[in-house]
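**Student:** All chains should be modelled from the sequences, with the hints used to inform the complete structure.
Chains as they are written, first to last, in numbering that gives the first Met the number 0: chain A, 0 to 410; chain B, 0 to 410.
None of these hints come from the bench; they were simulated from the model. Treat the hints with care, since some could be wrong.
Taking CB as the label site, the calculated pair distances span [as the list claims (entries may be wrong)]:
#, chain 1, residue 1, chain 2, residue 2, range
1, A, G336, B, R31, 37 to 43 Å
2, B, A6, A, V11, 49 to 55 Å
3, B, A6, A, P4, 35 to 41 Å
Examples of chain A residues toward chain B, derived with CB under 10 Å [said to hold, decoys possible]:
#, residue
4, D126
5, V329
6, G357
7, I402
8, I404
Okay, derived cross-link-like pairs now, DSS-like style, lysine-lysine, Cα gap no bigger than 27 Å in a straight line [to be verified]:
#, chain 1, residue 1, chain 2, residue 2
9, A, K373, B, K29
10, A, K66, A, K90
11, B, K90, B, K29
12, B, K90, A, K293
13, B, K267, B, K8
14, A, K90, B, K29
15, B, K8, B, K34
16, A, K374, A, K293
17, A, K29, B, K373
18, B, K8, B, K293
19, A, K267, A, K8
20, A, K8, A, K374
We treat Cβ as the ideally placed atom computed from N, Cα and C, and that holds for glycine.
There are 2 protein chains.
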Amino acid sequence: MTVSPLAPKFSVTLPPVRGVRLGAVEAGIKYRGRKDLSAMVFEQPAQIAGVFTRSRCASAPVDWCRKHIAGGVARAIVVNAGNANAFTGAKGVEAVETTARAAAAALSCGEEEIFLASTGVIGEPMDAAAFSGRLSELFEMAGVDGWADMAAAIMTTDTFAKLATIDVQIDGAGFTINGIAKGSGMIEPDMATMLSFIVTDAPVSSACLQAVLSARVGETYNSVTVDSDTSTSDTVLVCATGMGRDNSILPITETSDPRLVQFDMALKHVMHDLALQIVRDGEGAQKLIEVVVKGARDDQAAKVIAKSIANSPLVKTAIAGEDANWGRVVMAIGKAGEEADRDRLSIWFGDVRVAVNGERDPDYDEDEASRQVKKREVRVRVDLGLDEGSARVWTCDLTHEYIAINADYRS
Amino acid sequence: MTVSPLAPKFSVTLPPVRGVRLGAVEAGIKYRGRKDLSAMVFEQPAQIAGVFTRSRCASAPVDWCRKHIAGGVARAIVVNAGNANAFTGAKGVEAVETTARAAAAALSCGEEEIFLASTGVIGEPMDAAAFSGRLSELFEMAGVDGWADMAAAIMTTDTFAKLATIDVQIDGAGFTINGIAKGSGMIEPDMATMLSFIVTDAPVSSACLQAVLSARVGETYNSVTVDSDTSTSDTVLVCATGMGRDNSILPITETSDPRLVQFDMALKHVMHDLALQIVRDGEGAQKLIEVVVKGARDDQAAKVIAKSIANSPLVKTAIAGEDANWGRVVMAIGKAGEEADRDRLSIWFGDVRVAVNGERDPDYDEDEASRQVKKREVRVRVDLGLDEGSARVWTCDLTHEYIAINADYRS
Numbered sequence: 000m001t002v003s004p005l006a007p008k009f010s011v012t013l014p015p016v017r018g019v020r021l022g023a024v025e026a027g028i029k030y031r032g033r034k035d036l037s038a039m040v041f042e043q044p045a046q047i048a049g050v051f052t053r054s055r056c057a058s059a060p061v062d063w064c065r066k067h068i069a070g071g072v073a074r075a076i077v078v079n080a081g082n083a084n085a086f087t088g089a090k091g092v093e094a095v096e097t098t099a100r101a102a103a104a105a106l107s108c109g110e111e112e113i114f115l116a117s118t119g120v121i122g123e124p125m126d127a128a129a130f131s132g133r134l135s136e137l138f139e140m141a142g143v144d145g146w147a148d149m150a151a152a153i154m155t156t157d158t159f160a161k162l163a164t165i166d167v168q169i170d171g172a173g174f175t176i177n178g179i180a181k182g183s184g185m186i187e188p189d190m191a192t193m194l195s196f197i198v199t200d201a202p203v204s205s206a207c208l209q210a211v212l213s214a215r216v217g218e219t220y221n222s223v224t225v226d227s228d229t230s231t232s233d234t235v236l237v238c239a240t241g242m243g244r245d246n247s248i249l250p251i252t253e254t255s256d257p258r259l260v261q262f263d264m265a266l267k268h269v270m271h272d273l274a275l276q277i278v279r280d281g282e283g284a285q286k287l288i289e290v291v292v293k294g295a296r297d298d299q300a301a302k303v304i305a306k307s308i309a310n311s312p313l314v315k316t317a318i319a320g321e322d323a324n325w326g327r328v329v330m331a332i333g334k335a336g337e338e339a340d341r342d343r344l345s346i347w348f349g350d351v352r353v354a355v356n357g358e359r360d361p362d363y364d365e366d367e368a369s370r371q372v373k374k375r376e377v378r379v380r381v382d383l384g385l386d387e388g389s390a391r392v393w394t395c396d397l398t399h400e401y402i403a404i405n406a407d408y409r410s
Numbered sequence: 000m001t002v003s004p005l006a007p008k009f010s011v012t013l014p015p016v017r018g019v020r021l022g023a024v025e026a027g028i029k030y031r032g033r034k035d036l037s038a039m040v041f042e043q044p045a046q047i048a049g050v051f052t053r054s055r056c057a058s059a060p061v062d063w064c065r066k067h068i069a070g071g072v073a074r075a076i077v078v079n080a081g082n083a084n085a086f087t088g089a090k091g092v093e094a095v096e097t098t099a100r101a102a103a104a105a106l107s108c109g110e111e112e113i114f115l116a117s118t119g120v121i122g123e124p125m126d127a128a129a130f131s132g133r134l135s136e137l138f139e140m141a142g143v144d145g146w147a148d149m150a151a152a153i154m155t156t157d158t159f160a161k162l163a164t165i166d167v168q169i170d171g172a173g174f175t176i177n178g179i180a181k182g183s184g185m186i187e188p189d190m191a192t193m194l195s196f197i198v199t200d201a202p203v204s205s206a207c208l209q210a211v212l213s214a215r216v217g218e219t220y221n222s223v224t225v226d227s228d229t230s231t232s233d234t235v236l237v238c239a240t241g242m243g244r245d246n247s248i249l250p251i252t253e254t255s256d257p258r259l260v261q262f263d264m265a266l267k268h269v270m271h272d273l274a275l276q277i278v279r280d281g282e283g284a285q286k287l288i289e290v291v292v293k294g295a296r297d298d299q300a301a302k303v304i305a306k307s308i309a310n311s312p313l314v315k316t317a318i319a320g321e322d323a324n325w326g327r328v329v330m331a332i333g334k335a336g337e338e339a340d341r342d343r344l345s346i347w348f349g350d351v352r353v354a355v356n357g358e359r360d361p362d363y364d365e366d367e368a369s370r371q372v373k374k375r376e377v378r379v380r381v382d383l384g385l386d387e388g389s390a391r392v393w394t395c396d397l398t399h400e401y402i403a404i405n406a407d408y409r410s
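**Tutor:** Next up, the structure:
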């Protein structure tokens, strides 16, 4: 497996977050010779918030999490790779219950404090009994430095593990936010990404976590797309242990608390970082593409148009071929269904304006435009010239490698 | 250029349709050594109806046709390949006017009786003056047997020319409907296909032609998709010369005329035939995929779900890889946004039921399912188990060849 050429140049080592330990084991769920069962364990019940796929065929673990997220308290998050436990009917519900029961017994907590996520093949029954016996061992061996281990254990077609960290100051005290994620194909979150787990030692209530998570998911996870295919299993969970060094800080429990602003900005940074890492590991990706749309009727219209460009197979293959084919951008704007006036439209590749006032820029220079699409990171910018609506989304190019990966994944 | 493996096994020779002649010449618009400028000329003004792209960035010729289609009368249809004359601003409008003026002068008719279509690269100014001088010559050399010639001259990335014909009886007299089409990529018509021109010698008014064309476009051209990308130039024109052998037949001028039913069925057959030929020539296509959805809340919901399956890159690559990965079908149903109940869902590949009641079919046999996706023509069938809504759409698989064709088309 070749690592994506878009992978971050430097790997980051995540510091411990007080109150959480992480671990992973080889459970042989599908893969051999790699860890595929992992967990985060909280010393004390942590506050938790989540967003999930909008798929009408959500996986059994997503159903489970949705049912219990309102409780707002977590003792563990258990994740397996290799089998999505999606479209598995009554057997899928049983597998979830078996796992939650075993985890709750091992931690002497309620089953509703166990959160679950599964990623891998859809439609294969998952034999939870075969690995639920390993959970006690997993919880015991979990350590404060297990971030990289768990980030690796949740991978499927990912070519690199995705980690992010940031410090945040609240009332002059320092806290940490750590996050991990996985995802590479079947990525157009439109609610949440494949799987992402974020933990902080800041004292923030589940209601406040939910408020900032829900507010920020639109411009982060929901603004990336690899292939327009939304998974049955997309899950983002954010947890707060509240066990940071400085215990004198009063917990943040009201969304009107001005201290939430700092936390919100730091959390958004981690979410954005992880979302971009998912695109950078898009199946077969050779180029990162940023699409910026402004001048639309409103922000929502701008996002629809930006997604139409970012999901167009013809735009994505043109950029893969390093062809500055802005006519395909026009096509994608036209088909989006949102208001657009051909004669007010301007388009840029990078800083080079290629089209203006409904036709090719009079100063258009093919070589200059080509140079922009030869870069590793390509920026497509559109000004509709109508109003103030704007949006920014990220995607990757569509290459032979995407076909190779997906024409033979299950077997 | 290899001909698509899905091309019709037998080529059809179109009989003459009284009142229309067709021709093509090498005008050097983009290609060398092939005909790229073609026309249909009507001896007498023909009745005409049309449907066009829904793109908000429609091409200049589409704007022209839209403006004049209500007139309902045509003396010629002029088509060029190699340049779409789309997103060409004021120059594009000029090019259209130059062409129409030259054609009208050559035929001594009004410019509003000239219909135009262009296909090829978007955004390149088109020099109509360079070829409009050839129109007189083109109109003169046009012959009653020019169908294959024109069908070939309108091709771009097509690998075979698309032709269809049918006989229809009206009041005991025989008439003919001939049609040609082109299209291979940038195909999700959602209003009309790339380019398609149909002519009959039956005496049908433009209002009646428009009624049956509009009624049938949904289940034919609008039910095929290659890559979900809607062109700026999609155009279907249907013309009636009324010059069939039997002149005693009273023209059909009212949509309530019971004789229109026969004509409608025959026209639908030609439209369906041509629409399927476009999918069979989908860029890089190795397999024809029919997606049938039933049991949806209504027909529209069924079509949204069918299109979601047919446009999913993961479904299309799985079938390219001959992988009976029905989990991806579940994913595509889930992301469509229409009502679906996971636990009532059934899925078939060909005649093999792979999933039922929200889980893998108890009798599931991997080999049997695999045999279905190894065929040239693959049928995916979904029963949502909710209500009576149904739809049928056609697409092709997503292959390495699609990437190869599109990563280097413009240059």
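**Student:** Would you mind marking each hint as holding or not holding in the structure?
**Tutor:** Here is what the structure says about each hint:
no.	hint	in the structure
1	A:G336 with B:R31: 37 to 43 Å	holds (38 Å)
2	B:A6 with A:V11: 49 to 55 Å	holds (53 Å)
3	B:A6 with A:P4: 35 to 41 Å	holds (38 Å)
4	D126	violated (14 Å)
5	V329	holds (5 Å)
6	G357	holds (4 Å)
7	I402	holds (5 Å)
8	I404	holds (8 Å)
9	A:K373 with B:K29	holds (25 Å)
10	A:K66 with A:K90	holds (18 Å)
11	B:K90 with B:K29	holds (18 Å)
12	B:K90 with A:K293	holds (26 Å)
13	B:K267 with B:K8	holds (22 Å)
14	A:K90 with B:K29	violated (60 Å)
15	B:K8 with B:K34	holds (24 Å)
16	A:K374 with A:K293	holds (23 Å)
17	A:K29 with B:K373	holds (25 Å)
18	B:K8 with B:K293	violated (31 Å)
19	A:K267 with A:K8	holds (22 Å)
20	A:K8 with A:K374	holds (16 Å)
In summary, the numbered hints that this structure violates are 4, 14, 18.
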